[in-house]
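Q: Now for the letters of each chain:
2 protein chains.
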Amino acid sequence: MTAPRTLPITPLTAAGFAAFGQVIQTDGAERIMINEGTTTRFHDLANVDVGSDVGAGTGRPILSIFRGTRRPDPIAIRMMERHPLGSQAFMPLAAHDWLVVVAPTNADDSAPDFDSLRCLLARGDQGVNYARNVWHHPLLVLQPVQDFLIIDRAGPDGEAANANLQEYWLDAPVVAITA
Amino acid sequence: MTAPRTLPITPLTAAGFAAFGQVIQTDGAERIMINEGTTTRFHDLANVDVGSDVGAGTGRPILSIFRGTRRPDPIAIRMMERHPLGSQAFMPLAAHDWLVVVAPTNADDSAPDFDSLRCLLARGDQGVNYARNVWHHPLLVLQPVQDFLIIDRAGPDGEAANANLQEYWLDAPVVAITA
Chain A
1 MTAPRTLPIT PLTAAGFAAF GQVIQTDGAE RIMINEGTTT RFHDLANVDV GSDVGAGTGR
61 PILSIFRGTR RPDPIAIRMM ERHPLGSQAF MPLAAHDWLV VVAPTNADDS APDFDSLRCL
121 LARGDQGVNY ARNVWHHPLL VLQPVQDFLI IDRAGPDGEA ANANLQEYWL DAPVVAITA
Chain B
1 MTAPRTLPIT PLTAAGFAAF GQVIQTDGAE RIMINEGTTT RFHDLANVDV GSDVGAGTGR
61 PILSIFRGTR RPDPIAIRMM ERHPLGSQAF MPLAAHDWLV VVAPTNADDS APDFDSLRCL
121 LARGDQGVNY ARNVWHHPLL VLQPVQDFLI IDRAGPDGEA ANANLQEYWL DAPVVAITA
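Chains as they are written, first to last, in this note's numbering: chain A, 1 to 179; chain B, 1 to 179.
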């Protein structure tokens with residue numbers, strides 16, 4: 001078995017992430033002063049998508065908290081997942097750096113393109129919103145534990161529990177991340 | 001002019017807030033282990049409402065960041081606002097206590113009932129989701145500055161900018177909060 005290659009870590013930027021979704025951050029946002037000048041609103045930072053164009057699959061947006069724990073180092077990447085019916089946003093609730101791993105889909109849209117995996121270092125004040133159908137790794141934190149607010153989609157009554165989840169597993173890790 | 005009365009501050013709890021919306025917190029939430037046991041999902045913590053039952057007024061959920069600054073102490077309450085077409089959620093992005101001020105509506109649903117104002121101390125790990133039409137005070141932080149993630153509603157093209165905002169102003173403050 002070949003040893004996993006090491007994936008470099010590069011900074012998360014709006015431009016670099018544009019093919020995968022949006023970075024939720026104040027940098028570059030529309031700013032609106034509200035509340036008698038006591039509050040700045042950084043407006044409309046992500047495209048929340050609950051599948052309103054998919055007919056019977058229309059869902060509703062939900063808020064959840066994810067409490068992520070750190071995986072063993074180096075972090076082995078052996079699966080990716082995507083949500084075919086909606087977006088999924090992650091916003092850190094404590095300002096610690098964390099990792100985002102994404103991949104384009106392959107030529108026939110059946111699996112992530114593991115040759116094009118990217119590992120992005122998100123600052124503690126940066127969230128991401130994965131667009132519908134974007135392959136991403138489950139939550140990777142660098143602290144022992146870190147909480148995030150999640151904005152994603154719940155399906156209508158009767159929808160299969162896994163209708164909005166596709167997982168792609170490898171037999172062995174292809175890459176490792178040393179963070 | 002009568003001096004404003006002092007509003008006591010009481011802890012924010014799910015039960016105490018139930019008439020106004022939901023507390024976004026891990027306490028009491030449904031817990032689902034995901035991501036090979038590395039992440040706990042505290043599931044579906046708020047009723048995000050973008051007016052899907054109001055026909056032409058149907059909106060879309062949006063994510064924004066509010067950067068709130070502290071008002072002078074004591075905090076004078078002279079206005080309340082509400083959103084007739086959707087909910088509005090606030091989740092702190094740094095774990096500092098903050099204040100939530102809400103009121104029931106009056107008998108003919110034309111104004112907040114200022115005699116029943118409540119000031120609730122939210123912990124830094126507690127957010128709130130104001131239900132549609134709930135009178136609340138604009139963001140009140142206790143730190144010099146604190147960021148929040150906001151989940152609320154954007155209207156369809158052509159909707160008036162203030163269609164989802166009602167403000168009720170008093171001639172003079174009725175209450176003060178010493179925090």
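It is worth saying that the hints were derived from the structure and are not from the lab. Idealized CB from N, CA, C, for every residue including glycine. One should not assume that every hint holds.
What the hints assert, rightly or not - Which chain B residues face chain A? A few, computed with CB under 8 Å, are given here:
(1) T13
(2) I24
(3) T38
(4) L121
Q: Look at each hint and say if it fits the structure.
A: Taking the hints in turn, this is what the structure says about them:
Because the smallest distance between the Cβ of T13/B and any Cβ of chain A comes to about 17 Å, over 8 Å, the interface hint for this residue is violated. The interface hint given for I24/B is met, as the beta carbon of that residue sits about 6 Å from the closest beta carbon of chain A, less than 8 Å. For T38/B, the interface hint holds, since its Cβ comes within 8 Å of a Cβ in chain A; the closest pair sits about 5 Å apart. With a least beta-carbon distance of about 18 Å to chain A, the hint placing L121/B at the interface is violated under the 8 Å criterion.
Comparing the model with each earlier hint shows violations of hints 1, 4; every other hint is respected.
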